[in-house]
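Residue numbers (the working numbering), protein chains in the order written: chain A, 272 to 612; chain B, 131 to 430; chain C, 19 to 358.
These are computed hints drawn from the structure, not numbers from a lab.
Don't be surprised by glycine CBs; every beta carbon is placed ideally from N, CA and C.
Check each hint, because a few of them may be wrong.
Here are the simulated distance ranges between beta carbons [to be verified]:
(1) C:S298 x B:T262: 39 to 45 Å
(2) B:L364 x C:L92: 51 to 57 Å
(3) C:R94 x B:L364: 43 to 49 Å
(4) A:R542 x B:R155: 55 to 61 Å
(5) B:R320 x C:L92: 22 to 28 Å
(6) A:D497 x C:T339: 37 to 43 Å
(7) B:R320 x C:D295: 29 to 35 Å
(8) A:T303 x C:F31: 29 to 35 Å
(9) C:D182 x A:A582: 54 to 60 Å
(10) C:G43 x B:T148: 56 to 62 Å
(11) C:F31 x B:P277: 40 to 46 Å
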Amino acid sequence: MSSLPLLEVEDLHVTFRTASGPVHAVDGVSFTMRPGSSLGVVGESGSGKSVTARALLRLFAITDDVQISGAVRFDGQDLLRIDERRLRDVRGGQIGMIFQDPLTSLNPLMAVGEQIAESLRLHRGMSRSEAASEAVELLARVGIADPEQRATELPSSFSGGMRQRVMISLAIACRPRLLIADEPTTALDVTVQAEILLLLDELRRSEGMALMLITHDFGVVAATCDDVQVMYAGKLVEKASMAHLFDRANHPYTEGLLRLVPRFEDAHTGRLHPIPGQPPITGGGGSSCAFAPRCSHAVDRCRSEVPPEIAVGPEHVSACWLAAERAKDTTDAGHPWRRTP
Amino acid sequence: MSVAVAKRTSSGEPAPSTEHRVWGRLIDMLGSRGWILLVLFLVLLVAASIVPDVFAPHDHDTQNLRARLLGPGESSSEGLHLLGTDSLGRDLFSRMVVGTRLTLFIAVTATLIGAGIGVLFGLLGGYFGGRTDRLLMRLGEAQTAMPMFLVAILLLSLLGPSVGILLVVLPCLVWPIFARVVRAEALRLREETFIEASIATGCSTSTILGRHLLPNVAPRILVLCVVEIGHVMLSEAGLSFLGVGVQPPDTTWGLLISEGRPLLAVAWWLTILPGVLLGISVLVLNLLGRYWEARSGAAG
Amino acid sequence: MSVLEVDDIVVEFDTDAGRITAVDGVSLHLATGETLGLVGESGCGKSTLARAIMQLVPMQRGSVRLEGTDLGSLSRRELRRMRHRIQMVFQDPRGSLDPRMNVSTLIGEPLKVHSIGDRTSRAKAVAEAMELVGLPAAVADRLPSELSGGQQQRVGIARSIVTDPAVLVCDEPVSALDVSIQAQIINVLDELRDELDLAMLFIAHDLSVVRHLSDRVAVMYLGQIVETGTASEVFGEPRHPYTHGLISSVPRADAESAARLQTARRLVLGELPSLLDPPSGCRYRTRCPYATAECAEAEPAPEPVGPADGLHTVRCHHWRTIVSAAPEPQESAPSQELAI
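Sequences are here, hints too, so could you generate the full structure?
In structure tokens:
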């Protein structure tokens, strides 16, 4: 691609030191995002997908004993190496972030309009009155009816879906170039989820911002993202375009995730196929494929060497020793995951 | 404030009060093994109350008019008086050792009685809510609002001081504290799904109160007991000091302090040393209680 | 024969803001070995309905018959004795277990409470229940906090089946679990139902899971059932605009996903109205794109779809005309602007 990348993550490692030893939550993750692109990051809880997002902005609790290495180049500057002050400008400024539970991210004692206005004054240097009217406009833009009135209300008087809209308006207040959404719809009803996903998609197009969506639900990714990457035990195990992935998911873990949940289109089709075992609690950092113990295809090599990222198609890589073989199978005999109706 | 910063501060705890900070710092000072010292101190107290003769160098009641008001460390014909003697020449250390038994007995018994009443009322009020709760809590409030110390003095002076009446009066001082804590816990637990699950399973009310609620509040009750024993000790000392508590020839630390008071100018040790022992005991009980609480809080 | 017959239940609550009707005249029935899925948005009253059926919240009207016995007519003691025939699995696997009891005590408690068997037979029943739900014997002495979320929910399920109930009410049993664990728990429930011939009321907001497990489905909206029928009827040919909207909202992992969401937005406008002030007439009219004056005046009654004796009923004045008007969208979404 000709355009310069907006975000370039290179060999990101995040290690938590805990009482029971180090946890390699993110274990050598590299990826890039172009301006205005959309990327879904999928994995089970504990896969490192949320930690990756938080590491970009160094968003960890003060009590976490955490070590980050690698490089996160955003718009030319390495976010891991700039000081806390400049990082604060980036947070909520050029990079907006929304979380699963909007209630904990909003100040419960401050009217939502004020909270948005505060961010505008801080990051965009607006005057008090300018910021107040812009806040109302932002609330309107995320689909909140009667924005003048609602701007004066406290977060507690908003429903879950409306609160997430408030969070989004707060996150886009400073016209970020990248919006990171960490499980933004997991706590919401499907109908509300549908609206939030559409809103995110529309905002991405109208504001020209890039969207990084972290989720465990491939359906959510399908609705909003062009590209997808699957994480397991702190590593990226597969990267592909969304359309490509559904046709020919390569990594056995991706395949497992896709087969895991009942698909709405299917009526009862017998038992589900849970992935046996559990993800390693210490994250990555081993000298074998971390998925090998749960993988029904694993061969000896999987247990002794870490698989590299192997290209299996245009912009499609899979970190599996059997990637090439599996790529051939899926193109030859249709997709293993696509059950015949 | 940016989104990110808001998220970050939300994970923080609310700022603790000064009192909590002081306790927190004291507990920090104890480190991971300091509690052994505290327990050791309590073990000594309990041992002294069970077998005082082992600890007391002299008979606590033998008067020796030749050895009156000896200062700490001075000796008489009987030998060394580690903490001095009183106006009748009785060995202070021995008297303190012997006084331990009644001091502890009154404090522990009164606390347990108070805890029993408070836990029962708290569980019932918290679990049933509504009118039961309002009635029980008003009762507690009324009692807290009354100057119980004055009532106690009135009662004791009307009926004549006795250990028995202390065991009626002192529990009245502590039960509302237990009731409040247990009620708050019961209110919280009542909303937990496992209580609803027990009802759905078919548990009776007594099963729910006894087998589900009580075991879950038990750790808090234990901690509170330890702390309250110290407070009851203080109250008992106060009553004895005012002359309406324990009467001679029985003795408690509080009574010793009271007996020494007229002589404070000439024999400070008679008041100060039992006072210090009382102070240390209350502190140790408080520290131990709070230490446990901090520990179990972190683990749960 | 139905093991569970729920007839015209009404549940009202007093809140700070006023009285609300959380469940408004719901009737349903369950046969042995059958699973009824109950879906709807949060706040639609599905959890309250489950609790009313379990007799955990008082009903203002209606009856719950379990194996022919009207639960509402029983004394408290008699009701307690009946409870082993109808058991519940809760959403929060950890919260629904007493944190101070170990696994075997937790699973054995219902037996003890109902004085079923003696000590040895109870121990055997507990071991059997643990095996049925796939709990290793080694966890018998552990506390709930020492188990994973999936194991905790297995304990919850074991507890609910150990008394050999006729009816199992599952209130969002997998929604608090990680995806990979969800599949395991769904399989456990699926197997148990077949093995123990349970009648199951399965409440969930995840339509895919409901479709996977259910024989029949009921769609709930603001305290009422707006559409019910077999799973294939309701999900395959939804007649109520709300059902259609719900189904379109489900994000599916395919290429038409985004377009389907547009349909969903067209069919489900805005937010759930407040129960304090429910709309007159049809409850759904404030969010329905097909609403007319008639919808505001008269409350639609459940009407049979297809054969009059069929199971498929819908509560909508216009279902006959809407069917043709709302096909599955093929073309891409018409408008890209935001609903404000």
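Against the structure, the hints come out as follows:
{"no.": "1", "hint": "C:S298 x B:T262: 39 to 45 Å", "in the structure": "holds (41 Å)"}
{"no.": "2", "hint": "B:L364 x C:L92: 51 to 57 Å", "in the structure": "holds (54 Å)"}
{"no.": "3", "hint": "C:R94 x B:L364: 43 to 49 Å", "in the structure": "holds (46 Å)"}
{"no.": "4", "hint": "A:R542 x B:R155: 55 to 61 Å", "in the structure": "holds (58 Å)"}
{"no.": "5", "hint": "B:R320 x C:L92: 22 to 28 Å", "in the structure": "holds (23 Å)"}
{"no.": "6", "hint": "A:D497 x C:T339: 37 to 43 Å", "in the structure": "holds (39 Å)"}
{"no.": "7", "hint": "B:R320 x C:D295: 29 to 35 Å", "in the structure": "holds (30 Å)"}
{"no.": "8", "hint": "A:T303 x C:F31: 29 to 35 Å", "in the structure": "violated (53 Å)"}
{"no.": "9", "hint": "C:D182 x A:A582: 54 to 60 Å", "in the structure": "holds (56 Å)"}
{"no.": "10", "hint": "C:G43 x B:T148: 56 to 62 Å", "in the structure": "holds (57 Å)"}
{"no.": "11", "hint": "C:F31 x B:P277: 40 to 46 Å", "in the structure": "holds (43 Å)"}
In this structure, the one hint that does not hold is number 8.
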